[in-house]
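With chain A held as given, fit chain B onto it using these hints.
The chain contents come next:
Number of protein chains: 2
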Amino acid sequence: MKIIILKENLNNGLNIISRITGKNLTLPILNNILLSTDGNFLNLSSTDLELGIKYWSLAKIEKEGKITVPAKILTSFINLLPNKKLTIEEKNQTLYIDCENHKTQIKGLDAQDYPIIPSIEDKTFVELDAAVFCEGISQVVDFSTSNQARPEISGVYLNFQKDRVQMAATDSFRLAEKTIYFKEKINKECSFILPQKAAREIINILLEQSGKIKMYSSPSQVLFEYSMSETNHPQVQIISRLVEGDYPDYQGIIPKKYEAQVVLNKNEFLNQVKTASIFSGKGNEVKIKIDPKKEGMEILSQNPELGESKGVVEGEIKYNTEKPKEMEVNFNYRFLVDGLMNIKSQRVSFELNGEEGPAALRPAGDANYIYVVMPIKST
Amino acid sequence: MKIIILKENLNNGLNIISRITGKNLTLPILNNILLSTDGNFLNLSSTDLELGIKYWSLAKIEKEGKITVPAKILTSFINLLPNKKLTIEEKNQTLYIDCENHKTQIKGLDAQDYPIIPSIEDKTFVELDAAVFCEGISQVVDFSTSNQARPEISGVYLNFQKDRVQMAATDSFRLAEKTIYFKEKINKECSFILPQKAAREIINILLEQSGKIKMYSSPSQVLFEYSMSETNHPQVQIISRLVEGDYPDYQGIIPKKYEAQVVLNKNEFLNQVKTASIFSGKGNEVKIKIDPKKEGMEILSQNPELGESKGVVEGEIKYNTEKPKEMEVNFNYRFLVDGLMNIKSQRVSFELNGEEGPAALRPAGDANYIYVVMPIKST
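Each protein sequence line maps, in turn, to chains A and B. For the first sequence, my numbering assigns the number 1 to the initial residue and increments by one for each residue that follows. For the second sequence, my numbering assigns the number 1 to the initial residue and increments by one for each residue that follows.
It is worth saying that the hints were derived from the structure and are not from the lab. What you are looking at is a predicted structure, and each value in this text was computed from that prediction instead of being measured. A portion of the hints provided could be inaccurate.
Here's a subset of chain B near chain A, in silico, CB distances under 7 Å, partners left out [said to hold, decoys possible]:
hint : residue
1    : Ile73
2    : Ser76
3    : Phe77
4    : Leu80
5    : Asn101
6    : Thr104
7    : Ile106
8    : Lys107
9    : Asn267
10   : Leu270
11   : Asn271
12   : Lys274
13   : Ile278
14   : Gly307
15   : Gly315
16   : Glu316
In silico SDA-like cross-links for lysine to any residue, where the CA-CA straight-line distance does not exceed 25 Å [stated by the list, open to error]:
hint : chain 1 : residue 1 : chain 2 : residue 2
17   : B       : Lys84     : A       : Gly315
18   : B       : Lys282    : A       : Ser76
19   : A       : Lys72     : B       : Glu328
20   : A       : Lys287    : B       : Cys99
21   : A       : Lys103    : B       : Asn303
22   : A       : Lys107    : A       : Lys183
23   : B       : Lys107    : A       : Arg334
24   : B       : Lys287    : A       : Asn79
25   : A       : Lys274    : A       : Thr145
26   : A       : Lys103    : B       : Leu270
27   : A       : Lys183    : A       : Val132
28   : A       : Lys103    : B       : Lys289
29   : B       : Lys103    : A       : Gly315
30   : B       : Lys266    : B       : Met374
31   : B       : Lys103    : A       : Gln302
32   : A       : Lys282    : B       : Gly22
33   : A       : Lys287    : B       : Pro82
34   : A       : Lys23     : A       : Lys282
35   : A       : Lys212    : A       : Val132
36   : B       : Lys266    : B       : Gly283
37   : B       : Lys266    : A       : Cys99
38   : B       : Lys63     : B       : Gly22
39   : A       : Lys103    : B       : Asn284
40   : B       : Lys7      : A       : Gly296
Built from N, CA and C at the ideal position, the CB exists for glycine as well.
Chain A on its own, in the form it takes in the complex (with noise of 0.2 Å):
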């Protein structure tokens, strides 16, 4: 292999599939990365065996050829190297590169020992726009959790359906959805759990992109890929692995209604469950009231040996019964900080439904993203 290349047009490649590399110590080969040659471009590659990442490159292909080398010392190199062209060839399995003032080699491993990366054989896919979906996943994926007990809730549930993507994700204490509807219908109607380390490289890897990425899906595995805007030609390709197992059927935690509507200033709710946080116990509990003889919400907590802390929040309060009374619910605060950290509006809906029923929270005025979660019963 030899060929000449950017230093620029590496590095960028290099920082993407580096992500996955390098924590391996059962299977050293899977610290490397697979550089080799494809037409007129460099292919990168690399794989966890969950995971694989492949990104392509333009560059002037001088011989064929391909070779895995550590990824680190590839990616530290090329780092500290000036932005010039670069000269890299291999001969007996040692990668010699060429830049100005520095020259290189690193010996790398047989490109035939380096793990295959699957592909898809079916060739329908789901055109998605890479901006407004991966801010969806973001959304949920935090509240995915790894539970050795029940691996299906260990990732990211997505639904295509012919008009809309619904994606959820729960850790039992907590769930949250987010619908994302399309502007034309989808020929292809699936569903899947997605681990969660590939949702966060999906959103790491395609949120900056600007237009569309394509999805294509099997019963095992699913694809996303992102193609450069001139050639069209695949930039990006991140294949994943799927969580085996059927997951929960949630709509049932979601409550349809509510006892009492709390309609509030996102950063000012944030701030008062901050500060009572200070004062929590080792529940990280907090306690919030609202009461029909007073304005606005309170968030109320209290240490014996630290202290105690009383806020207000001013908000439109409404009552879903005849006879409406007041009410005193208790919640992690951590809880509350997530789902409020989650919604991109100024201002939210919280929804309560008495001390023992699921609390939600939502964007006001928008049905397409809810948070819901189980407050602290009182001893």
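Frame of chain A, contents of chain B only:
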């Protein structure tokens, strides 16, 4: 005690004085800060028994008094408040804070139990430019080291003479010395060893201040003071114990001549050292090579398992011998990086004294800073 104070004023003070609190398990009162009224000011104090910080803030004093409360709780709480007026009141060793929609009580301890931060009797002082002095210390402070066997090198040595102050620090592998000349002669000569932690806090707190600071000293303590420009009242005082013992006579270690001098671009040198470091072994060893028959300075490293790197930095080389010959000197790359990072100029003078003699780095054409580093002896 009852005072009215702007949130921002209190916050600024807390951020400064709470830096040294909150890490003491044996004497819990040291996790607290002391609030006390002082004329028209609120005074905030903290100490770890080695180092004390006092901060004054203008406030409306309605009732005099004092109290100590946990630094972390007060600081976190005040930080979250809106930027409004606060009413702060002490009753029965509890601090009551009222601010718009927040009401808080923080349990405190008796101010009588708070350790007294000693003052300095001698009223003669040295006036220093805050930014120049702090930048000077910052160029040497990292090279002092917590060495229990040799406590005298655990701090920064400051030697005030009539027309200059010399600052030095060493960890016995390398040494840095900075000299600052005064515009006007000072009337106080003294020298002492300032603990590394105090030096770091002086930099953190005073580097951003414009104008002058005053330094007072006694045989066992030193005090740095910054005053408010409007009232000339002290705003911050940092009081530190001094390290006991005699600082080693380090002047003998500074090489007075060189066998070869290379003047080169600092960032290119730094980049080439970092590149070579990728292939350095456990000893962090990189090789510097100059050859009268070749242009520039070579930086080399080799690792039998990973590969090798060879870089050239352009520079002017001057030999101090009649028959100059090839020179190869090995260094710990971290020591070269540390030295280069503390040089502010674009061009650096690298002075070599063969395989085993001390090498020096200086800003090119500036005799007021020197970094001395010993080579790794070749085996």
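Task: Restraint status (C-alpha distance of lysine 72 of chain A to glutamate 328 of chain B at most 25 Å) - done: Not OK: lysine 72 of chain A and glutamate 328 of chain B at ~29 Å, beyond 25 Å, violated.
Task: Given pair status - cysteine 99 of chain A, lysine 266 of chain B, alpha carbons within 25 Å - done: At roughly 19 Å apart (the allowed maximum being 25 Å), cysteine 99 of chain A and lysine 266 of chain B satisfy the hint.
Task: Pairwise hint evaluation, glycine 315 of chain A against lysine 84 of chain B, where the allowed Cα distance is 25 Å at most - done: holds (21 Å)
Task: Restraint satisfaction for asparagine 267 of chain B [CB to CB of chain A, less than 7 Å] - done: violated (10 Å)
Open item on the list: For a C-alpha distance cap of 25 Å, please report whether lysine 266 of chain B and methionine 374 of chain B respect it.
Closed with: Within the cut-off at roughly 19 Å; holds.
Task: Given pair status - leucine 270 of chain B, lysine 103 of chain A, alpha carbons within 25 Å - done: Cα-Cα ~16 Å, so holds.
Task: 25 Å Cα cutoff - pair lysine 7 of chain B, glycine 296 of chain A - done: holds (24 Å)
Open item on the list: Given the hinted pair lysine 282 of chain A and glycine 22 of chain B, is their Cα-Cα distance within 25 Å?
Closed with: Measuring from Cα to Cα gives roughly 19 Å; hence the hint holds.
Open item on the list: For lysine 103 of chain B and glycine 315 of chain A, compute the direct alpha-carbon distance and say whether it is at most 25 Å.
Closed with: Status holds; Cα separation ~18 Å.
Task: Hinted contact glutamate 316 of chain B with chain A - closest CB pair below 7 Å - done: Violated. Min distance 16 Å.
Task: Per-residue hint verdict: isoleucine 278 of chain B, partner chain A, C-beta under 7 Å - done: At 5 Å from the nearest chain A Cβ, isoleucine 278 of chain B passes the 7 Å test, so the hint holds.
Open item on the list: Run the distance test for lysine 107 of chain A versus lysine 183 of chain A: straight-line Cα separation, threshold 25 Å.
Closed with: With Cα atoms ~51 Å apart, lysine 107 of chain A and lysine 183 of chain A exceed 25 Å; violated.
The structure fails to meet hints 9, 10, 15, 16, 19, 22, 34 and 38 from the earlier list, while all remaining hints are met.
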